[in-house]
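Engineer: Taken in sequence, the protein lines are chains F and B.
Going left to right, the first sequence walks through residues 1 to 110 as the working numbering numbers them.
Going left to right, the second sequence walks through residues 1001 to 1114 as the working numbering numbers them.
Certain hints may be false.
Listed next, the in silico SDA-like pairs over lysine to any residue satisfying Cα-Cα at most 25 Å (straight line) [as the list claims (entries may be wrong)]:
no., chain 1, residue 1, chain 2, residue 2
1, F, Lys76, F, Ser47
2, F, Lys57, B, Val1003
3, B, Lys1041, B, Gln1006
4, B, Lys1041, F, Pro110
5, B, Lys1041, F, Asp5
6, F, Lys97, B, Ser1005
7, F, Lys68, F, Glu56
8, B, Lys1020, B, Lys1066
9, F, Lys57, F, Ala84
10, F, Lys97, B, Leu1076
11, F, Lys97, B, Gln1060
12, B, Lys1041, F, Gln79
13, F, Lys68, F, Asn3
14, B, Lys1020, B, Trp1010
Quick caveat, the hints were computed from the structure, so don't treat them as lab data.
The model shown is predicted, which means the values in this text are computed figures rather than measured ones.
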Amino acid sequence: GQNIDQPTEMTATEGAIVQINCTYQTSGFNGLFWYQQHAGEAPTFLSYNVLDGLEEKGRFSSFLSRSKGYSYLLLKELQMKDSASYLCAVRNTGFQKLVFGTGTRLLVSP
Amino acid sequence: GAVVSQHPSWVICKSGTSVKIECRSLDFQATTMFWYRQFPKQSLMLMATSNEGSKATYEQGVEKDKFLINHASLTLSTLTVTSAHPEDSSFYICSASTGYYEQYFGPGTRLTVT
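I would like the entire structure built from these sequences, with the hints used as guidance.
Structural biologist: Encoded structure:
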C-alpha cells in the first residue's frame, strides 16, 4: 500500500520559520514534490527532490531522506500570503502519476 | 509557459444530468493528462490517467462508466460526469505532463449537483 502523512494543521507568526514534515511509504520512489494550494485554487509547484539532501529556493527549502522515507518543507520569513495548504506528493517508479499526502493547512498570524 | 486551462471554472447541474469538463494545455503538448478530485479540506485524489489516443487508466474505486475520460488530442482531455448526483459535488482538477518530471495543474472546476 501507499501512505503519505503530514500534520493536518500548523500555525505560525509572521516573520517566523516553520517546518512541515512529510513521511511516506510507497511502492517505489521516483521523486517527491511539494505544492502550495490556496483555498479554491489549483496547486502550484514549489519544489522537487529526487536525491537526498536540501534544495533551496528563496524563502522555501525542501529536504529529502530516502532511507527514512522523510521530507520536510521549510518556510522562512513567513508572510501572511503563505497561509495556504501545503501538499507533499510522491511519484512512483516508472509512472508519472503522483500520490498526494493528506496536506497541511498553515495559518500565518500577525 | 506551461499553462493549463479548464472550462468551465464552476458549474451547477441537476441530479441525473451529465456534465463535461475540458482541460487544455495552451502552450505545450501534453502526452499525459491526469484528473483529480478534491473534497473540502481534503487532499487531491487521483481519479485517472489519460494518454492521447488511448483509453484512460482509472484508479481503484473510480467508476469508469460514470467518469468518462477522452484524451482526443495532445492538448485536450475531457471528463464527463454522467448521471451526476449530489455526492459527486467536488472540485475537479486536471494536470498535464510533457513526460518529464513536472505536472502543470489547471485552475480547477467546482461542480455542484443539486
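Engineer: Hint by hint, say whether it matches the structure.
Structural biologist: Now the hints, each set against the structure:
no.: 1; hint: Lys76/F <-> Ser47/F; result: holds, 15 Å
no.: 2; hint: Lys57/F <-> Val1003/B; result: holds, 22 Å
no.: 3; hint: Lys1041/B <-> Gln1006/B; result: holds, 21 Å
no.: 4; hint: Lys1041/B <-> Pro110/F; result: holds, 23 Å
no.: 5; hint: Lys1041/B <-> Asp5/F; result: holds, 15 Å
no.: 6; hint: Lys97/F <-> Ser1005/B; result: holds, 19 Å
no.: 7; hint: Lys68/F <-> Glu56/F; result: holds, 20 Å
no.: 8; hint: Lys1020/B <-> Lys1066/B; result: holds, 12 Å
no.: 9; hint: Lys57/F <-> Ala84/F; result: holds, 18 Å
no.: 10; hint: Lys97/F <-> Leu1076/B; result: holds, 18 Å
no.: 11; hint: Lys97/F <-> Gln1060/B; result: holds, 14 Å
no.: 12; hint: Lys1041/B <-> Gln79/F; result: holds, 22 Å
no.: 13; hint: Lys68/F <-> Asn3/F; result: holds, 14 Å
no.: 14; hint: Lys1020/B <-> Trp1010/B; result: holds, 11 Å
Checked against the numbered hints listed earlier, the structure breaks none of them; every hint is satisfied.
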